[in-house]
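Student: So the sequences go chain by chain: A and B.
Sequential numbering of the first sequence, starting at 9, is according to my numbering.
Sequential numbering of the second sequence, starting at 335, is according to my numbering.
In case anyone wonders, no lab produced these hints; they're calculated from the structure.
Some hints could be false.
To spell it out: a stretch of chain B is covered by chain A in this simulated footprint if at least three of its residues, at any positions, have a beta carbon under 8 Å from a beta carbon of chain A; those stretches are [unchecked claim]:
1. 339–348
2. 457–470
3. 497–507
4. 528–539
5. 556–566
Glycine is no exception: its CB is placed at the ideal position from the N, C-alpha and C atoms.
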Amino acid sequence: MLDSFEIVSTSGVVLWSKQYVPVGANIVNSLIRDIFIEDIRTSGDPGQKPTYKKEGYTLKWTVAKDLGLIFVAVYQSLVHMTWIDKLLDNVRTLFTGLYSEQLKSKKYSSTEYPFDDYFDRQVQELESKNDGQPATPARRIPTTDTTPPSSSEGESAPAKPSVQGLKVPNRSIHADSSADATPVPTPDASRPASPAAHILQAKGLRPGGKLSRRDRQRAKTASPAPSSGDEGRPTSKGGKKSNTKKNRVWDEFGLADHADDNTQLDYSAPADLDEATSQAVEHVEESTWGKRTGKGEFVLKDLEDEMDEILSKVSAGKESSSNSTNGFVGSSLGAIGGLFRNVVGGKTLTEADLEKPLKGMEDHLLKKNVAREAAVRLCESVKVDLIGAKTNSFTTIETTLRSAMERALTKILTPTTSLDLLRSIQATNRTGRPYILSIVGVNGVGKSTNLSKIAFFLLQNNFRILVVAADTFRSGAVEQLGVHVRNLQELSAREGGHIDLFQRGYGKDAANIAREAVQHATSADPKYDVVLIDTAGRRHNDTRLMSSLEKFGQLAKPDKIFMVGEALVGSDSVAQARNFNASFGSGRGLDGFIISKCDTVGDMVGTLVSMVHATGIPVVFLGTGQHYADLRTLNVSWATTLLMK
Amino acid sequence: MAWHDQDSWLTWVFSPSISAIIVTALIALLLPVLIHTILYRTQAQASTASFLLLGPSGAGKTSLLTLLERGSTSATHTSQTPSSAEITLPSTIKSASNEYRSENDSSFSGAQRFILTDTPGHGKLRQFASDKLDAKTLKGIIFVVDAANLSKESGGRAEEGLTEAAEYLHDVLLALQKRYTSAKTSKGPKELPVLIAANKFDLFTALPEKLVKTELEKEITNVRNTKSKGLLDSGIGTSDDAVEEEKEWLGDGGEGKFEFRQMEEVNVFVDVIGGNVTGADGPGVGKWWEWIAKQI
Ligand SMILES: Nc1nc2c(ncn2[C@@H]2O[C@H](COP(=O)(O)OP(=O)(O)OP(=O)(O)O)[C@@H](O)[C@H]2O)c(=O)[nH]1
Ligand SMILES: [Mg+2]
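Model the full assembly from the supplied sequences, consistent with the hints where possible.
Tutor: See the structure below:
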């Protein structure tokens, strides 16, 4: 069962909610943090709404971007709810339709939204449509085709019919033929094929009855047995449902008559669905009808009429808007008006308006050395943000897009929590442990150099440092580190800094050396404050070397693992960041990036964005030159300015 | 019919006819009144005092805004976008500028109103807040902290809570200080009061006001220390104006202990007042109302 359903504004106020079981606020909070703010990607079935799992709950959501609303449904992960997607869509349509005025007003957050009755009706309707009914063809096709481990609807659904005593032949005909007819489960195809959608769409289309030829064909073929007794059906809303039941007649030749009047076809859809369900289901439906003959009948019917109207208006609106774009006069006039408004501002942005500027933006980002994947996704998210938004007065689409992109970049690059290395070292040392920091990365990106820079910085803050040569692989690596340590000893001798090298030569296991070094640092007198571990460079696609990192992480137990990446690297940066982040096993990842050689790329600092974007891990340091002091922390506005230049 | 003709309107205006005199007299009398009302209206409109709600995530900013706006709280979740509301002081509390004004004065209700802007507290979304710091109408900043999530002793999460609050507060105060020092050339900005609203006083784990203040001061000292020892950031030295190369420290040259009193040098006055948005027992929001009223 549904545990709770909330409608939350992006400003953080719960506008309306229905709690069946109390659900802690932290559940929805973490959805907002992880999905909406941190932008963690979710894997879901195409054509279905993504899910988010937290503490035994599953959350599904949808948004009304233009109004800044989030609709969240929360239910126990153990329960499989097949109709949540539909509920979310319908509730969004209803809520935004019913309260569009209030939601647009300034006082939207302090308005009461008496939505309970509408919601209850929706749940009741969808529940009764879906209970005891086999998962509809469109739902079953994607689940069996893609078979994601998370979704077991495909398994549970076929089991139900037999329990319910469904006529097996009917069902199999239905499922088979429709599976043939809709081989590709595109989101478009799956929508009208779900039962509730059929009904909603049929209702929506009643006045005009406009359905494209192809849709009609599909509806036809998806329904193997359109009823033939439709002509005499009254078109009043109230009578509709009962009629679909009365007129249920199996027509063996139904598939043949394609040239039918389309209104008839519309009605055939729900009829056919009822047909496919069992007597048992019918019985359930009948009982809900019976309820309505009671005292509350009038109210309920009113509500339903209103809901139908809103839902139908929206689907009719979609139809007409897609049609109107074909009109020549309309489009050319619109284009002129659009051009004008583009200059003056106050234009409501559409997908078409944004297409070209977005392409330009994408190219611009690519030129700045942002990996294609990151550039595409950034543009995508900015597009979603902007569609339906109005441009400010005297701003062009391009300017609006730029500032939106600037905001998106700032958000990506800003770390969630503070990255104050000195303070976390102090905190760790207070517990009597040395702080362990290790550096990983591909060959030749400047691991040892950046490690020495960090050592230099820490020496200036009077920490006692042990540098560990855990690169036992590349010849000369230990000596190189030795040179750095000697230099640093000389540099810091006057200020009383202390730095030593810990080395065991070549060929030994790096993980064991690291563990030994940590023990040495803890037992030494006086203790070392910081252990800096240099590791061997490895190609991120070298599975053998990469897999040894997991053991390294377990034995050395670093407080922080930083990956060094070159600012010069192009599209490879994404794969590097991802592979290294995943190489430490579950529950451990990278803690930050050090981007080296930033002085060599000018304003092409796109690698920053690519790496952070791929992993959500922040950039801690930038290497900006050849000297020990050439280490910087990231200034986000500096980076965004360079990127947008 | 040109303007110099016998019966043009200009001739009529200068003629000694009684109607012309009446019209002229009316204009002369009504114009100042009209101008006065127009100016007065726009003035009052533009200068509605505004306050900014800052503070770490989960401190209770959005809850406070909804409480002040409609008199009752509602459930809230993590905010992603800022939001503003126009709020009227309760009739029992008079704003400072209304102290000697009669309640029947037409400007009375205008001066009882203010705009409160809530901002998201999540680390990634603080850009919204910093954008709003230099608004002209800004009369004060309300920095909300969760007083039940600050004590060092409770360890773990609470310590993080203190650190996060202190870091954010440090950045806000530093921004205010910069606002003051960079505007030195002209007449510096007016004084800006900061209210540290120690929220959730209904919980028994909440620290008392005094401790909230000292804990925050101590932790800001730490933040300032490590910041001063930290690395330069990538923006420094790359900007064109070399004047800004110097890093700026909060308070007295960045030395010794930080105290909120040090901010008075840059016209920033900090008060720490406890209260609670939800929960039956506790001081409520009365004192915060009074603080706001004092600033308008
Ligand atoms: N006990 C108690 N809880 C409170 C009080 N004020 C707010 N809360 C709770 O604190 C939680 C967070 O409140 P919000 O107002 O959403 O926090 P916020 O500061 O807006 O957080 P962000 O939007 O993430 O920046 C909510 O669950 C509130 O119910 C209070 O005075 N006492
Ligand atoms: Mg909030």
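Student: What hint numbers does the structure not satisfy?
Tutor: 1, 4
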